[in-house]
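Peer 1: Chain by chain, the residues run as shown.
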Amino acid sequence: MLQSIGVANIDELFDEIPDSVPVANFRSIEHSLTEMEMMQRLSERAREDELSLCFLGAGSYDHHIPAAVWDLATRGEFLTAYTPYQAEASQGTLQLLYEFQTMMASLASLDVANASLYDGGSGLGEAILMAVRSNRSAHSRKIVIGGAVNPFYVKTANTLVRNQGIELVQVPHDNGLFDPLQCDVDDPSAVVVQQPNFYGLLENVDAISNWAAERKALLIAVVNPLTLAVLKPPGEWGASGADISCGDGQPLGVPMASGGPSFGFLCSKMKHVRQMPGRIVGRTLDANGDVGYTLTLQAREQHIRRAKATSNICTNQGLLVTAATIYMSIMGVAGLRHTASRCHENTNYLVAQLEATGRAQRAFSSPYFHECVIRCAGNVDALTKTMISDHGILAGYPLGDIDPTLEDCLLLCATERRTREEIDLFVELFSRILKES
Amino acid sequence: MLQSIGVANIDELFDEIPDSVPVANFRSIEHSLTEMEMMQRLSERAREDELSLCFLGAGSYDHHIPAAVWDLATRGEFLTAYTPYQAEASQGTLQLLYEFQTMMASLASLDVANASLYDGGSGLGEAILMAVRSNRSAHSRKIVIGGAVNPFYVKTANTLVRNQGIELVQVPHDNGLFDPLQCDVDDPSAVVVQQPNFYGLLENVDAISNWAAERKALLIAVVNPLTLAVLKPPGEWGASGADISCGDGQPLGVPMASGGPSFGFLCSKMKHVRQMPGRIVGRTLDANGDVGYTLTLQAREQHIRRAKATSNICTNQGLLVTAATIYMSIMGVAGLRHTASRCHENTNYLVAQLEATGRAQRAFSSPYFHECVIRCAGNVDALTKTMISDHGILAGYPLGDIDPTLEDCLLLCATERRTREEIDLFVELFSRILKES
Amino acid sequence: MPTIPTIFDTSEPGRIAGVQTPKAGDLTGLPAEALRVSKPVLPEVSELQTVRHFTKLSQQNFSIDGNFYPLGSCTMKYNPRGAHRAASQPGFLSRHPLTPAFASQGLLKCFWDLQETLKTVTGMEEVSLVPMAGAQGELAGGLMIRAYHEDCGDFDRDEILVPTAAHGTNPATATMCGFKTREIKVAADGDVDIEDLKRLVGPKTAGIMLTNPSTCAVFERRILDIADIVHDAGGLLYYDGANLNAILGKVCPGDMGFDVLHLNLHKTFATPHGGGGPGAGPVAVNSLLQPYLPIPMVGKLNDEYIWLDENYFPLTIGKLSAFMGNAGILIRALAYALMLGREGMVRVAEFATLNANYLAAELSKAGFQLAYPTRRATHEFLITLNREARDLDVRALDFAKRLLDFDMHAPTTYFPLLVPECFLIEPTETETKAVLDEFVCAMSKIREEAQEDSDIVKQAPHNQVVRRLDEVRAARVLDLTWSAD
Amino acid sequence: MPTIPTIFDTSEPGRIAGVQTPKAGDLTGLPAEALRVSKPVLPEVSELQTVRHFTKLSQQNFSIDGNFYPLGSCTMKYNPRGAHRAASQPGFLSRHPLTPAFASQGLLKCFWDLQETLKTVTGMEEVSLVPMAGAQGELAGGLMIRAYHEDCGDFDRDEILVPTAAHGTNPATATMCGFKTREIKVAADGDVDIEDLKRLVGPKTAGIMLTNPSTCAVFERRILDIADIVHDAGGLLYYDGANLNAILGKVCPGDMGFDVLHLNLHKTFATPHGGGGPGAGPVAVNSLLQPYLPIPMVGKLNDEYIWLDENYFPLTIGKLSAFMGNAGILIRALAYALMLGREGMVRVAEFATLNANYLAAELSKAGFQLAYPTRRATHEFLITLNREARDLDVRALDFAKRLLDFDMHAPTTYFPLLVPECFLIEPTETETKAVLDEFVCAMSKIREEAQEDSDIVKQAPHNQVVRRLDEVRAARVLDLTWSAD
Ligand SMILES: Cc1ncc(COP(=O)(O)O)c(C=O)c1O
Ligand SMILES: Cc1ncc(COP(=O)(O)O)c(C=O)c1O
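So the sequence lines, in the order shown, correspond to chains A, B, C and D. Residue numbering for the first sequence follows our numbering, starting at 5 and increasing by one per position. Residue numbering for the second sequence follows our numbering, starting at 5 and increasing by one per position. Residue numbering for the third sequence follows our numbering, starting at 551 and increasing by one per position. Residue numbering for the fourth sequence follows our numbering, starting at 551 and increasing by one per position.
Simulated from the structure, these hints should not be mistaken for lab results. Any given hint could turn out to be false.
To be verified - Straight line, CA to CA, 16 Å or less: simulated EDC-like cross-link-like pairs of lysine to aspartate or glutamate:
1. K659(C) <-> E54(B)
2. K754(C) <-> E700(C)
3. K983(C) <-> E562(D)
4. K995(C) <-> D1005(C)
5. K995(D) <-> D1005(D)
6. K659(D) <-> D115(A)
7. K735(C) <-> E745(C)
8. K273(B) <-> E240(B)
9. K573(D) <-> E349(A)
10. K754(D) <-> E733(D)
11. K606(D) <-> D957(C)
12. K275(A) <-> D115(A)
13. K983(C) <-> E733(D)
14. K995(D) <-> D955(D)
15. K589(C) <-> E240(B)
16. K273(A) <-> D1029(D)
17. K659(C) <-> E52(B)
Isolated chain A, as found in the complex:
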């Protein structure tokens, strides 16, 4: 090979690198390990972190994932392909994405969906940017955010949008709920509401939706896609429905995996599609007139529109979308519905049993779904620490971390994976630890 190139050795191939750039010094990097040695090291670490039971949600949920989902998603042809730039050689991924878009749009009861964003948090940022671009009638660049929108999402969105002169105005929650009447922004460009909200409570989405519409603000719905099998979908909220819906796809067959990779999804009414960021797949015809799939509306994207693109996103979260599409196919309508309702019933049971101990009660009284805030008679920090250290149990999210008024509160959920026995065990430990502390 060197001969064909006409050099004497490999070093010569680097002769355009100026000598004044020092040679890299990698001495601090270890010598190479074999796969076996690498696995030994990383297995040890993985084992170190294993816990046995999870009652924590707050945006990432411990659901059952059918074995088929990842067996299929990790087939080499899905796992090791690039973005489907050559459509004819990527019909598998492209058709899958078309099916995904159909499922997501339909779950949200909106017209279109894109092929994913990074995650729920950055997805909200993109949704806001999209809304601002789309809502040309708005006078302000202010966005009203419901008080109980996932705080991690709000922070993330803020990082993304503030550089474009967009201001996020968060309305403090009222007993856990978003009351737009307590908002002093007259002309928001968009309104963001989450259903169920971060505290698991059901917002009055119809009223909020109408409130936004009256102000010509676009409505952005942050949702947990699994709950849409049971809850009224954003497209059907109020008189005209939400304009944009976004959220994190983790509940759809993606392991918690420390939060990533998961994927952000984005759905909207058709009229906003040209402001949508990210890949979109369309169905078309080939030279023979047969059906085929291809990336479309690429004129929105950075590789064509460059500085004027709807977003800079390029690599997205395709593999997770693959898994989610397979998950939704296996689960179907009934599977999703039953899973969501079972989570709700399990959480209901958990809450009832906790209240029965006399050491806990609901922090908010309005209806919740799937997840719930519990006020504890005792030190929440000590409780969660002991639960982990002594029992390997994640006992929920201590809300004091994000809201001082909820210092003695835990955000809890019991997914469909939690058995009665596990919940009973948790309740017993909960009560015992609080008593002893």
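Start from chain A and add chains B, C and D with the ligands according to the hints.
Peer 2: This is chains B, C and D with the ligands only, laid out in the frame that chain A set:
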């Protein structure tokens, strides 16, 4: 569908079952579980049995398996295919088997290999039957078995062959070795020797091979295929080489998995091929003159030859062969050679360290490879129990179970997966436990 | 898709997958004459080359995951991925086979549960999970029959009866057990010819091997009579469980007079067949044969699970494998059984039978000839393409090859031998009506093609990676291993 | 292979995968107006139907595991299965993102190790692993540059310079950061036009975004001069790490004058691209920008690993994701880094460069035109098919489509925009010489075909599941979701 068939309900479809056969009563069978519930139950059980370190071999070895091996072998197209009866729709499996046959035959330095038998034990049984069919010059149906052939294999083979009037004559081992001169059978039909033998010792295979040849007995070589990367292959033993080689394929990329599924392999000289049991794949041409692969020599098999078949085997261990073929491809010559030699060095180190404690010494003095018998100064049973219960360590195979003269002996090996630290830990525990007991 | 060079063709001396190659170990001290000098023919390729090669090869396989696969007698139904996952857990995969029972309670409990389930499923007294496939189950069964007669001092019983339609493993097994095989005729309606049976049965009869539904794909209606006849003559009844899918939860072999049987877990219990295997062929027996079961089994002693070996079963026929059969397949089967549960098991037989009868009805309406038109289909059924062979000069084999071009695997062909030009078709319960309808369409289309230009069918397949393969050449010009030339 | 109906086409109302469907939970008490009435369009299929559908779909994809995939700028090299396995362990997969640090020491140690490794690899002061792809890394970088200037009281710097050849994400990112983009010319030899740079740089310059090797696939030889020019003007240098594969272990971006950069772990560190993603785009900075890094990072406090959040980095640009980026991808990258080790990293650059230069040389000998014939290829190189377009009326696009018929993925086409009819070809270090030779053959063959009958090429592909797709129609007649009609 019922309408098309012309019945009113499904029950009618069973109306040819006489009423006098009672209806099945499945009340003792549990109600159905979802995949999630089934996984919860079986995960609990799997976890219950986890141990952390393995120094046990005795026919099943704790080797590293590259991740790619099973990722590929469990692709649906390999995993969920049937025996390749329709060759044109099964070229994947067939070509793979052709490549497998090539690798195995070459490892053994023999001409042909079949596409697998059940396991090493039953494989020895089939090898003996094959030898008896093939050796028409033999006057007896006696088989001489070296004293240190894997006792589980011998037992299994015996179950298979004794019904055809074949007698296995085992020569007691002499200091762990097979000395054919101590054998009083004059006209064996075949001689079975294992290399390295069950005790890890290196037999004088050249001499044994020649001894068998002089008596017109076929020589059957039981081997660990991994060791063939380093040890002289059966086809090169003595003046004329072994006739048949068999063994278990577990060391080639198959997890220990409680012993199964693994696979038995069988290689032989070309002149015996028509007596070979099991599937064999051949390369041929298609109607266009292009290369393709198909099952061949089927006239040996039960579905054609019925009562006169070379064996009744039908379903074999194809998937494990798939894994082994991938394993051998990834590892290549160097990978297998280094793995085998590293096992040997690790075992050497283990033995040296154990001897250094003063509480153990080798039971046999002749050279061993990969695995070794250690005589312990103390109660072996108590040792192995404590090792498991207190430390999660499998401390070797107590040979007293199969040979009373070796009651205080352990058969030990340290594969390439065992680190120096693990071996040192083991030696320290070994010495401490024996001291305390 | 092009044909793929062998992995040896892409090999290059000295190339290694470094990340998989441990440091070489020290071999000093080993006798030189024990060491290898010749270099084996193994691939010398990178890991990527291996991955790409076998990915490509896999894509040249039909499979249940990719295709309708109505291979009669083989029960190619969906293999739940959950069962595979359950058995692939590290606690099971990394367990050494010689781990003592006290440290293997999780696994032993699985085996115990499966034994109990299979007892109920078969209606038998006791189960041994050891045999590694149906054929090894048959062998175990034959050896138990032999041991039983010998224990009764009955040394002359050296004949096994099988219907002419029997699967090849039945007579082959009889031979391996040291028996002779005698074939009984099958009557025109597909049932065993009772008169022929009566003629052949006698004091030399060790037993009879039967499937029910039979390999003619019909339910052997006079099974209880057959049982009486054989039992009265002092013989035993062996049930070949290959067709158990048809009657799961409906009737039990134990209630049909069988003394011993095997199950093919890779059929009825949906464990994947892996392109050839592995399978598992547990045997079940009534009390007569219980003492002879192959070891080891799992027992329970004061709430602890234990291995039952020759100490507990001194009359055992012995070991059939070095360790404990195909343990991993047994776990998959248990997982499947748990997911089916009581109600699911019955559904299996019902929908398998519904699908087969529907497909039979539709094919018949489409003008194809059922081998036993007056009989119900069971979980499978037989058609004969004799008429097509005669009138159109296209044989069952041609139909089979042409089906591949329709992206469907062919049914079992030319089995049983007594039905000419036959297809044994088993759609299984996991296929949808749409798929069955497509199959009927494909069959009709192929017949149409044959009517127009039989060469299309006779030269099929056309769309596979290879054209029709020359099997005669394969057996004549033996090319069984690759070599550089 | 036929085209595959959508999963909705095979759907049947009421069909469920029972084994995946938990018992329904109780919803009483929930307000009626909160509940869903409409039924979503989701598949109603069996598990087998799902498995078969997606197995079939997967087979319609080119991938690294199946094909040579020389997509320039994307570094499609072998994705070690071991790295994937390591990250797929239950201890990692089942970890909730809000698990406190004291119970996550295993994971945090992995992140720490990766941070340390990337510091060395880049020659920078500090690393944040948070960004989830290259583009998000760019965003983080841009925001840090902005924050830095604002902290310096320098509010007028609102321009980002990029070469005209830059990747689209660079200008798009500049916009998202609230900057304007100014494009600098590229000289005829592929290097940045220094005079043009000098003309554009100034007090409004916030920074410059560059790759090196550049998107023209040559090493930017005057990088140190560029750094001086920009720094002297008060701007900062951003390094787009997409091409880091070319210099791994040879030189560090930190030594070329860059202040901030991202890496694409899904390129240089071989994490699988999943048909679109996920990736990971860690950012590295020198001490100037350290205070602004996106959170969280991992720190060490008395031998314990801790999360570093806004309490430790009060000037941080903030969070970029709800939790901690693409954690699983980071573990894969660490696994890959461990397996490469010190010596492997250098090998990556050497063999990537060797393969690219060899392929460039061979293509050139075969008569194809290199875009920069006087330059060394780096890990990739550019050819222009301008002559073929002019003389034979076949465009780069046609070559690309025809290559698919040779079972090879096409290189990147029409990027960078300034080179007409170009292919950006990146063979990567994990391909063998034989594969490169096949590519040269295929290219020559296609040109021959074009000479004989250009329609073969212009109407390609011929052997794929679809013929050439009408992209114009796709954008005009928007069909983005399935509906029953
Ligand atoms: C009727 C019948 N009996 C026995 C067998 C043999 O079973 P196995 O392949 O599991 O050994 C088969 C397998 O095809 C069969 O169909
Ligand atoms: C030069 C260059 N810069 C930036 C990017 C964007 O990286 P990512 O796709 O990881 O967001 C790419 C990806 O193709 C690239 O090639």
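Peer 1: With reference to the structure, classify each hint as holding or not holding.
Peer 2: Comparing the hints with the structure gives:
1. K659(C) <-> E54(B): At roughly 15 Å apart (the allowed maximum being 16 Å), E54(B) and K659(C) satisfy the hint.
2. K754(C) <-> E700(C): holds, 13 Å
3. K983(C) <-> E562(D): holds, 11 Å
4. K995(C) <-> D1005(C): Given that 16 Å is the threshold and the Cα spacing comes to 14 Å, the pair holds.
5. K995(D) <-> D1005(D): holds, 14 Å
6. K659(D) <-> D115(A): Violated - the C-alpha atoms of D115(A) and K659(D) are around 44 Å apart, more than 16 Å.
7. K735(C) <-> E745(C): Roughly 9 Å separates the two Cα atoms, so the pair holds.
8. K273(B) <-> E240(B): With Cα atoms ~11 Å apart, K273(B) and E240(B) stay inside 16 Å; holds.
9. K573(D) <-> E349(A): OK: K573(D) and E349(A) at ~10 Å, within 16 Å.
10. K754(D) <-> E733(D): Satisfied, since the Cα-Cα distance of roughly 14 Å is no more than 16 Å.
11. K606(D) <-> D957(C): holds, 11 Å
12. K275(A) <-> D115(A): Holds, at about 9 Å.
13. K983(C) <-> E733(D): Given pair K983(C), E733(D) is violated - Cα atoms ~61 Å apart, limit 16 Å.
14. K995(D) <-> D955(D): With Cα atoms ~12 Å apart, K995(D) and D955(D) stay inside 16 Å; holds.
15. K589(C) <-> E240(B): holds, 12 Å
16. K273(A) <-> D1029(D): Satisfied, since the Cα-Cα distance of roughly 14 Å is no more than 16 Å.
17. K659(C) <-> E52(B): Distance of about 11 Å is within 16 Å: holds.
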